[in-house]
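Novice: Here is how the chains run, residue by residue.
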Amino acid sequence: MSVTVKELAPVGRLSVRTERADAEGLVDALGLELPQRIGTRATTGGRDALCVGPDEWTVTLPEVDCAAVIAALDELDEPACAVDISHRETTFAIEGPDGDTLLSMGCPIDVTAIESGAGTRTVFADVPVTLWRDGPTLVRMDVWRSFAPQVRTILEDGLGELAAQQKLRAA
Amino acid sequence: MSLTLPRTDASPQHAGTLTKPRAIDGPVGGAYRVAGEGRVNRDRPMLFTFDGRVISALEGDTVASALLASGIHLLGRSFKYHRPRGILTAGSEEPNALIGTDRGPGRREPNTRATVQEVFEGLRTTSQNRWPSLRFDIGAVNDLASPLIGAGFYYKTFMKPRGFWDKVYEPLIRKAAGLGTAPDAIDPDIYTSRYAHADVLVVGAGAAGIAAALAAGRAGASVMLVDEQTEIGGGLLSDPDAVIDGQPAWNWLAAAAAELDGMANVTVLPRATAIAYNHQNMVAVAERLTDHLAEPPAGMPRERLWRVRAKQVVLAQGALEKPMVFAGNDRPGVMLASAAHTYLKRYGVLVGKQIIVASAHDSAWATAAALAEAGAYVRIAEARADVPGPVRQRAVDAGVEFDFSMVATGTAGRDRVYAAQLQLLRDGEPRGGDWFPCDTVLMAGGWTPSVHLFSHTKGKLRWDSKRQAFLPGECTEACVAAGAGAGVWGLDGALKTGSEAGASVASAAGYEAEPAKVKVQSNCFGDVGSIAEAAPGSYASAKAFVDYQNDVTAKDVRQAVQEGMRSIEHVKRYTTSGMATDQGKSSNINALLIAAEALGKSPPEVGLTTFRPPYTPTTFGLFANHHRGATFDPERRTSIDAWAADNGAVFEPVSQWRRARYFPRSGENMDAAVLRECATTREACGVFDASTLGKIEVTGPDAAEFLNRIYTNPLAKLPVGKCRYALLLGEDGYIRDDGIIGRLSETRFHVTTTTGGAARVLAMMEDYRQTEFTDLKVWLTSSTEQWATVAINGPKARKVLAPLVDGLDIAHEAFAHMSIAECAVAGVPARLMRASFTGECGFEVNVPARHGRAVWEAIWASAEPHGGCVYGTETMHVLRAEKGFIIVGQDTDGTVTPDDAGLAWALGKKKPDFVGKRGLMRPDLTASGRKQLVGLMTEDPTLRLPEGAQIVRGPLQPPPMPMIGHVTSSYRSAALGRTFAMALIEDGRSLIGSKVELPTLDGERQSAEVVKPMFYDAENARLVGEPA
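Protein chains in written order, with the numbering used here: chain Y, 1 to 171; chain E, 172 to 1199.
Bound-form chain Y, shown alone (with noise of 0.2 Å):
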């Protein structure tokens, strides 16, 4: 079977919001420019940005740097706000060919269609989560916590399946 389904170390992650991605001070309060389009990202030196709606970006980066990043937007003169979801969430890499077909027993939407360096928030089995494809076949998955252990036990049922049919196809 060729995909594999492994829960990754915490990281720092902050819902940022602001009416004006492109407002003075942002670039060097967050590290990063903000991604315009919803669903690109932007990834600079560890940090990385995924635009998840008009007003609303989540960022990760080192969980030591969040304190000064909402420190720093609380700062700037044009309204943006920051605010630390580091413990809302853990992420599930998601990762081998057959990783599309794992995610589609849960996620409505197409996920072949997020490119390589794209993300999206949606849902698998009901659950809200937030995709990032770092890879053809590598996909990161943030579900929050008190959901993850539905998700990685739907997560894993998928793999007994796809083991079970790769055996029904070699018989």
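These are calculated hints, taken from the structure and not from any lab test.
What you are looking at is a predicted structure, and each value in this text was computed from that prediction instead of being measured.
Be a bit skeptical, because a hint or two may be false.
Unchecked claim - Derived coverage of chain Y by chain E (criterion: at least 3 residues anywhere in the stretch with Cβ under 8 Å from a Cβ of chain E; other residues may be distant):
1. 12-25
2. 29-43
3. 84-90
4. 130-138
5. 144-153
6. 160-170
For each residue, glycine too, the CB sits at the ideal point set by N, CA and C.
With chain Y held as given, fit chain E onto it using these hints.
Specialist: Just chain E now, kept in the frame of chain Y:
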């Protein structure tokens, strides 16, 4: 050959382990196999059982084809009259041949269609609805009594006497209801699902569907081709004699299948039934994965639900042949002509040796010829006056005898037909007539396009009077119908319209597509013809069946019309025609034509009943999918949950969360544990996991104004570092939620909600933010799961917490009640609130969730030496009730205003507006007589009133007495040394000091005094707590 069957106690029908087949009729594969015919694999024989009898089959057989190959036509007893029934069709529309299947422990299924179930080695099947045996069935007495139990029988008979309903009628009806036996064990199978996205979904892989898939696939569109059968081909699988593009049909089919397989952009799913066509081209497809396997691999799901979102859909579901309605048209051995054709050409089975064909359609003539060529004696009774020459010629060449203007009007036989009466039609009336010996009667009443999925879209159907059929009309979805499903009869038409449909939908999806030109020679599907009743109206008393599965006769339909039913919807409900699990696939049109004839109206005037999903019977397992067992619904757990489990907590579900309800010590029941936890918290301190409380971070320059408009309380001027209890209403003025709002900075608020209300409140706020308060710069972020929350309450709370806090003085004066600050607790950055839901000195420590358990353990280690305890939700409920604090959803029910709950003080009366302000001005919300929240003290201090108990004015009056309210919360209190309750009572506050009565179920009554809903420390002196 040996057959090993695992022993099962599921049914006495099952012979434990069979090492020697007891009896096999005739040669391997059955005596009725025809050499050189069929697609079954003669090199792969297999054995299965039917009612314990061992049957020989070939790979590729269905249960129906294998039984017919062994000459078995009697498969079961009918639902109502217990009439012997056989096999009517060769497809999923089968109304008669319903059997029980057993695939091992827990895998027993009733009402499996024998025409769909594939045979595998060791399959066990049983007949249904018969006792003691299939051939001798006691219930058949119903058949004799049938004049008494016709249409509307239930409505008329079971009305009187009224008292008979519970004891006699209902148990009787329940016993008689349903076919087969429901499974008695938990289904051990796995059911799974996938979402799929395609440019083009083609439903049905007959000639039209294959042509459509080829055209769209060649154009480069992503295509899904689904078909309910075991392999693609549809009608082509029964038509090897046709020639397409110079090739025999099966060679063309194999080449087409190979080409589709070779296209990376095409997915072909056999054994996959499109069961529902939902909005925006979302089609549900049920794929059967293991029902045909003797030994499925472990972990393999039984079925998969595909939810296909297609840009374009081609409906190529073909058409179903109609039975003819005449007396005895349900006897085993009477079947559809097309079914006999399929059994011969696809399965190599001759259904009989002496065959009468009752025909109203050219297609029957080709069938008759094929059967005669296979060695049967065949005689056609053609209802029409003539058929075209070429249609006739092949039959003549094969030696088929025939008469025109002749109809079948009766059959004789018991478990198998042995004769049929044929009568000449003169001026539409049957005259004279002889009985002809036969072992099979075939019916060819014309064809009904399968418009079920099109119907699901609410697309308009149009009546085609020439074809006597409803056809797809105006579409509401992006779909095209092709082939017989669109009323196009014949192979050339199917290939042509299929290819055109495939090309047109591919173009619509943005691809350059061309329909293929296909040449077809030899076409066994001829011109139109249709007939419902062989001889309308002349068999009023006979058993001329319209709906086989529900035992509805033509007489029943006519009777319904006679008794005043005018719409087909009424006829359907009165007669139950079309209401069985086959949804009337073989009966709806006949019922309609008969009703229309009886009413003297055209069929579209009488109407067609609505087809509803699923297209064919579908397992509950498929619908439930992963929503069962451990994954039924997410069970959310806090980061402290594991500690609670390790320390003996008893849990309860609170919305999706699992929460610790109480922590019993050895020998304690819930009451004892809760009394101890309450007492300890009030005397020393208690530690509580409040992590499930909803939390929303509200940020932005207008955050304060936003909250001021959302909540009832004045919040605009809430100072930084302060908290306020706040109430949330709906526009109607009723309480929706409550919580504590803390201001962290000018632009940042920490808002808490109830556990169950978190998602709802955030959605409501987001709704107002985006649609009503668009002038405000404010943002909302759910932070419920970011924070673990530990509540510490009790006089020693400060003593417990102070040693753990860095960067904040939590002395009473320095950090007053209803304050919020950021600090460190146990070395972890924290948001600390001073708030109390118990009336004691209280703190709520919020720390990032991953640190939750460590901080909890640190706090507990500090609390234990002070004589503290941990407590659960039950103690939390009691302590808050002692202070008269409400729980939204327990003391409110969606019809309670702030004033009703005694919370009018929380209304910002000077505010220009807040959500619900105008609702509160409604006359009914300001009128007197509303139910108000009060306290109740029973006369007997040991008696705990049941929550929900109804309240009447005292003293007890004779019934019926007006009920003036009910108990909302009721507990034993350690602090009060007695029980107490809260209740919603009409004008309750004016009753304070008076007595009310509570009638109990056993006819007794309880008396209670109405009091203020404040039972403990009315002066709030205890909020101060001990100094650190």
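Novice: Using C-beta distances, would you say chain E covers the region 144-153 of chain Y, given that this needs three or more residues below 8 Å?
Specialist: holds (count 7)
Novice: Quick check: do three or more residues in the region 130-138 of chain Y have a beta carbon closer than 8 Å to a beta carbon of chain E?
Specialist: violated (count 0)
Novice: Check, residue by residue, whether the region 29-43 of chain Y contains three or more positions whose beta-carbon lies closer than 8 Å to a beta-carbon of chain E, and give the verdict.
Specialist: Three-residue rule not met by the region 29-43 of chain Y, so violated; n is 0.
Novice: Would you check chain E against the region 84-90 of chain Y, counting CB to CB pairs closer than 8 Å, and say if three or more residues qualify?
Specialist: Held - the region 84-90 of chain Y has 6 residues with a Cβ nearer than 8 Å to chain E, which meets the minimum of three.
Novice: Between the region 12-25 of chain Y and chain E, are there enough contacts, at least three residues with CB-CB distance under 8 Å, for the coverage claim to hold?
Specialist: With 3 residues closer than 8 Å to chain E, the region 12-25 of chain Y meets the three-residue bar; holds.
Novice: Count the residues of the region 160-170 of chain Y with a beta-carbon closer than 8 Å to any beta-carbon of chain E: does the count reach three?
Specialist: holds (count 7)
Comparing the model with each earlier hint shows violations of hints 2, 4; every other hint is respected.
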